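J.: Each chain is listed here by its residues.
Number of protein chains: 2
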Amino acid sequence: MPAPKRSEAPSRIRIAKPAPVLDGGRYAVKRTVGDTVAVSADIFRDGHEKLRAVVKYRAPDGRRWLENELHTVDAHINGVRWAGEFTVETPGRWEFTFEAWTDRWATYHDELRRKVEANLDEDLSGEISEGVVLLAAALERAEGDGRGSIQHALHVLSDAGAPFAQKFDVALGPELFDAMETFSEREGVTALDPAIPLEVDRVRARFSAWYELFPRSWGGLKAVEARVPEIAGLGFDVLYLLPFHPIGVKNRKGRNNTLVAGPDDPGSPYAIGSAEGGHFAVHPELGTQQDVRDLCRTAHHHGMDVALDIALNASADHPWLTEHPEWFQQRPDGTLKYAENPPKRYQDIYNFNWDTPEWESLWQAWLDVFLHWVDAGIKFYRVDNPHTKPFPFWEWIISEIHKVDRDVVFLAESFTRRAVMRELGKLGFTQSYTYFTWKNSRHEMIEYFNELAWGEEKEYFRPNFFPVTPDILHAYLVHGGPPAFVARLVLASTLSPSYGIYSGFENFENVPVREGSEEYMNSEKYEIRQRDLDGPLLPMIRRMNEIRRENVALQHLSNVFWLEGQNDQLLAYAKQEPGNTIICVVNLDPHDAQVGSVTIPAHLGTAPVFVVEDLMTGAHYDWRIGANYVRLEPWGEQAHILKVL
Amino acid sequence: MPAPKRSEAPSRIRIAKPAPVLDGGRYAVKRTVGDTVAVSADIFRDGHEKLRAVVKYRAPDGRRWLENELHTVDAHINGVRWAGEFTVETPGRWEFTFEAWTDRWATYHDELRRKVEANLDEDLSGEISEGVVLLAAALERAEGDGRGSIQHALHVLSDAGAPFAQKFDVALGPELFDAMETFSEREGVTALDPAIPLEVDRVRARFSAWYELFPRSWGGLKAVEARVPEIAGLGFDVLYLLPFHPIGVKNRKGRNNTLVAGPDDPGSPYAIGSAEGGHFAVHPELGTQQDVRDLCRTAHHHGMDVALDIALNASADHPWLTEHPEWFQQRPDGTLKYAENPPKRYQDIYNFNWDTPEWESLWQAWLDVFLHWVDAGIKFYRVDNPHTKPFPFWEWIISEIHKVDRDVVFLAESFTRRAVMRELGKLGFTQSYTYFTWKNSRHEMIEYFNELAWGEEKEYFRPNFFPVTPDILHAYLVHGGPPAFVARLVLASTLSPSYGIYSGFENFENVPVREGSEEYMNSEKYEIRQRDLDGPLLPMIRRMNEIRRENVALQHLSNVFWLEGQNDQLLAYAKQEPGNTIICVVNLDPHDAQVGSVTIPAHLGTAPVFVVEDLMTGAHYDWRIGANYVRLEPWGEQAHILKVL
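Chains A and B are the protein sequences, given in the same order. Going by full-length UniProt numbering, the first sequence runs without a break in its numbering and finishes at 645. Going by full-length UniProt numbering, the second sequence runs without a break in its numbering and finishes at 645.
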């Protein structure tokens, strides 16, 4: 190649290893409104010249780039890592980049200072003449106070009669330095290109408590609306509704997932679509479009959001099967393929053919479905099995919906390989289900939570901890009973800023359809249950939600410190934000009392001896840096939630 | 945005986290001719469909992409990591990428197998009809033996009279599977784009032994040429010459770096340029252009390369100062700035102004200098202080020189911040100087070598270990004497595939110009010494070079395992390639005997008890997995170099 043709030589400055960034900027890192974003990069050039660097950042639809100064943070080692920060105030797609330039005045200042200090009695008039050039150039750009400093210095340095000692004094002065830093031209400005994307969500995307219910078990949408004040009073932020659409009749499943439905069996709400309509419709027995709007308005009035469980599949009676057979998979013999995972078959459900040549109209139809419910007031979507639909579809549809309403939140209901779950988080899902349900020992819990809180996932994968779901009743709860429910509630609600309860959890429901199964006996998926807010665990749940709202340490993910407990049945950890330290100790054994000594490390920054308040009982204890005696028993307290006073 | 307009839906396959790759492909990873390149990537899609994947690779100027199959390596965990390999046979810029597609037949085969095995007595004629479609499509592309299998299967599956049991047998057959894998169309092929660059050098870029000398101390180029057979006989690959250009007279330095030269002082060979010429010229007292060519030819004849120390600076008498004043930095008063690092000043040297508006002609001039010497036969360049010249300059000039001669090797003489040294390696320098000289304790050596051998640097930063240079005589050698020289020789030549000796090392030269200085007394940089190949360490050096050539384990970097020695004065390690294990134990204490027990771990794969040969003495010892007694003493053996027999 010929030497690059430019008026200026190619930049001598390198900007590398920016943070935070995902896959080189292919995906956006996530933050929430009000966050201070800490950024850093390796910034260096050849030679010994001094650099200056800034982070430049731009709000969504912002016309102007703002900038904050960066500072080196490893000066004692390499001096190449620069760090700074900025605050994000509005939701949407932010961008940031780094810009660096050669600081000619600082370089000159440093050289001159060393020469003057060496006191070699050499002629430094050449050096002074260099200073004059730099000062004159800056003066053309200077304003305000700084202008005076520069003008004065230029005058002294240019004055053939002024003694050198005076010239050095002036040239090396701190006020002049500040003025020159402000007004000197940025030489060889180099920017990281392209800028790094940063997706900012509303705070509830990070910090939320969900209450999940089947509307039909509560008497329909109007009845649910009537319970909103109570549910809000329990401290929940999101009222999460299982699908409320019409349900197919053909191949309908019976109670306990039997293949043949009885005449009164309501069918699975995931077998969506009937003569009454598909994903745009409300099941006539549950209510009307207006009822959905009313429920949303009431929820918003009580500070809550409504979440809809959205499943992208169709019953055998879904109108789209006849209106759009091209969206479904047909066999060579013309029959449609129902869902299956051999040898299991889901005869009541048809999957969409995402490879159809008509994929564009299929994508558009789903966008219409989402926007229909967004318009009704539903801003949260728990998406069923997103990992069996194309990644590009999700990336597209989430972006399209956010153009209409940036407050919409998507929770990925995906339990599959890590890489796939992570990809869904990267491409736009706001929150994600996790493996939490299956992590019941101290070792498992710490290993897994470290992955979420301290790995790269912390930049984009927001866990939402559900101790149970309508599909997952873990053996730990089956065999552990109420103390196990308490332990899991405390873990979910203190470790993760977002967590959720599926109604029935507060009643300690724990009978599986058969021993060894994770399915519930008499699952609400296949029959109508009569639900009420009468569970004995509700007072504790209300208190947990209060504690979460009062303690900022419980509203963040990556602030956990595991504490040694000398007993593997005790899981002890501190969560800490500036000014707020919460210490949790959970007895993982639902059967027996467990004794241990929890070690508080000095780095938590407590006093050597300090007082903690048990936020469940109000009791006060003296704790100390070092070992602290703890005894927890299933017939008394299953967990301590201690606030450092 | 509207839904993307394409005939096919966007790819459902993701290819991420490819390895090896540097900075997302901005820089090339490095290998040498004959290497097998192990590659891997996360490859996955949504859903449950099975994938196939290949690595595609292309030789320099290759027209055709070749491909090798990839296989999953974490099937038991996530099943998303795929790995494979290919071999690089020619020097130059290779490229590789990954390609994956949905394996429709394997997916079909798996579903059908599970249904047949479940033996549910269901009608599978729909499934069979799907198979017919896949077989018919593949048949159109099939050739050879596979064609027969497919044709037969198509016949049986289409035959209304054939029993289902026979159809299943045929459809699930392994031969048919292989044929379908070969001939089925690749569905939804997705490639990583752009491809990843891979720079392949000749083997000597990785594995080399250098002998460094000042031609003037050996009687000039003709006299050096006469010693080539001896130096080659010592096992050196590269004869490295300090600059042989004319030296400036103005401001010439005297002996021991004094400011005023005496009438007979020859000056520093780094103060390049005089009335006799600049970087294109040969100092008349050292020889002629033809002598350089002769020396190169003789060296090549003896299997050696010649390296030139190239310093991009000029004496006060360099012709370019008058021919091209625009390439130098002028003060406002018109005077040129000489090199300085206040309070130090290098009045005999002028730096180039790399920010000159005439940078293009400056770059071109340096390219002409390099190509001049390449044409004379010099293929190795030890570049002086590359870290004070622009990064883009190096990236450009190395690439330009490689277009003319891909065998040229560049060694970066840079001792500065890690980030800068790494950048030079990334942008094209073939080998690099290191901090080796300053790593003299067990802890320092292990920590630093792990950085080189096991960090990302292993992909691009090839260390060249010099125990001393004309500028660096470490206190360890000053105070340790001959046993210290032996220890450093063994460490340099066994740990790093490339190492070098500066003449005088074999004579145990270790007198500093003053206590605490790393400069030599009577440095050859400022005076002419009379050198000869008479150092008492030469026999050991010859043997070390022999051992290195005979043992492939010593020709690679990232194959070291540190061995516990129960004594910090003993540094023990194994280096291992298939079929070749070398165990080194070095006594770091140059004054006293040290005793320890070196632990051989089971993972080295030796027999429980095995025989080692001391390659320096020929003695045989029984060693074992577990602890082995070692005693090393400065008055006997300072190090063991043991080969596992």
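Since the hints were derived computationally from the structure, they do not count as laboratory data. Fair warning: this is a prediction, and the values are worked out from it, not measured in the lab. Wrong hints could be hidden among the right ones.
Stated by the list, open to error - With a cut-off of at most 25 Å between alpha-carbon atoms, the simulated SDA-like pairs for lysine to any residue come out as follows:
no., chain 1, residue 1, chain 2, residue 2
1, A, LYS50, B, LEU259
2, B, LYS115, A, ASN257
3, B, LYS50, A, GLU395
4, A, LYS337, B, LYS458
5, B, LYS50, A, ASN385
6, A, LYS115, B, LEU259
7, A, LYS50, B, LYS458
8, A, LYS337, B, ARG113
9, A, LYS115, B, ARG417
10, B, LYS458, A, VAL21
Said to hold, decoys possible - Okay, the calculated bits of chain B under chain A, using three or more residues with CB under 8 Å as the criterion:
no., region
11, 10 to 21
12, 43 to 57
13, 327 to 336
14, 346 to 360
15, 413 to 419
16, 545 to 557
Glycine is no exception: its CB is placed at the ideal position from the N, C-alpha and C atoms.
J.: Each of the hints needs a verdict: does it hold here or not?
T.: We went through each hint and held it up to the structure:
1. A:LYS50 / B:LEU259: With a Cα-Cα distance of about 29 Å, the restraint between LYS50 (chain A) and LEU259 (chain B) is violated, given a limit of 25 Å.
2. B:LYS115 / A:ASN257: holds, 20 Å
3. B:LYS50 / A:GLU395: holds, 23 Å
4. A:LYS337 / B:LYS458: The hint is violated at about 52 Å.
5. B:LYS50 / A:ASN385: holds, 18 Å
6. A:LYS115 / B:LEU259: holds, 18 Å
7. A:LYS50 / B:LYS458: violated, 30 Å
8. A:LYS337 / B:ARG113: holds, 17 Å
9. A:LYS115 / B:ARG417: The hint holds at about 24 Å.
10. B:LYS458 / A:VAL21: holds, 24 Å
11. 10 to 21: holds (count 5)
12. 43 to 57: holds (count 5)
13. 327 to 336: holds (count 4)
14. 346 to 360: holds (count 6)
15. 413 to 419: Since three or more residues must qualify, the claim that chain A covers the region 413 to 419 of chain B holds, with 3 doing so at under 8 Å.
16. 545 to 557: violated (count 0)
In this structure, the earlier hints numbered 1, 4, 7, 16 are contradicted, and the remaining ones agree with it.
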